[in-house]
Amino acid sequence: MRLTKHKIEPLTADNVYMRWKEHFLVPDHQIVSIAGASFAGFYYIRYERSTAAILGFYYHQSSEMFQSLRLHHVPQKSFPSFEFR
1105 MRLTKHKIEP LTADNVYMRW KEHFLVPDHQ IVSIAGASFA GFYYIRYERS
1155 TAAILGFYYH QSSEMFQSLR LHHVPQKSFP SFEFR
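This note's numbering numbers the first residue of the sequence shown as 1105 and each following residue consecutively.
You may find that some hints are simply not true.
With beta-carbon atoms standing in for the labels, derived distance ranges [to be verified]: (1) H1133 / L1175: 16 to 24 Å; (2) F1188 / E1152: 35 to 43 Å; (3) E1152 / F1183: 25 to 33 Å; (4) H1110 / F1183: 42 to 50 Å; (5) K1125 / F1188: 36 to 44 Å; (6) F1170 / V1120: 20 to 28 Å.
Derived by calculation from the structure, the hints in this document are not laboratory data.
Since the model is a prediction, treat every value here as computed from it, not as a measurement.
Beta carbons are placed, not taken as given, at the ideal position from N, Cα and C, and that holds for glycine.
With the hints as extra help, turn the sequences into a complete structure.
In structure tokens:
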């Protein structure tokens, strides 16, 4: 098998690959640890523009294998409301 140099256009490619790192817990950024949880690893993420879906896997050498993250866009079925005062 031979690898070829294929230029990826980042602004037009359907898939965007990222590595995410958690720095704090929302909504309290002052919490530095939680029993049984780890902030030491990384999420390896793929964002698919055509479906607006995010798929990712968490990795840390001492964590449980195959922890996954799946996010997808849910369109609103109602109109937003505004109030002027």
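Tested hints:
no.	hint	verdict
1	H1133 / L1175: 16 to 24 Å	holds, 21 Å
2	F1188 / E1152: 35 to 43 Å	holds, 39 Å
3	E1152 / F1183: 25 to 33 Å	holds, 28 Å
4	H1110 / F1183: 42 to 50 Å	holds, 44 Å
5	K1125 / F1188: 36 to 44 Å	holds, 41 Å
6	F1170 / V1120: 20 to 28 Å	holds, 22 Å
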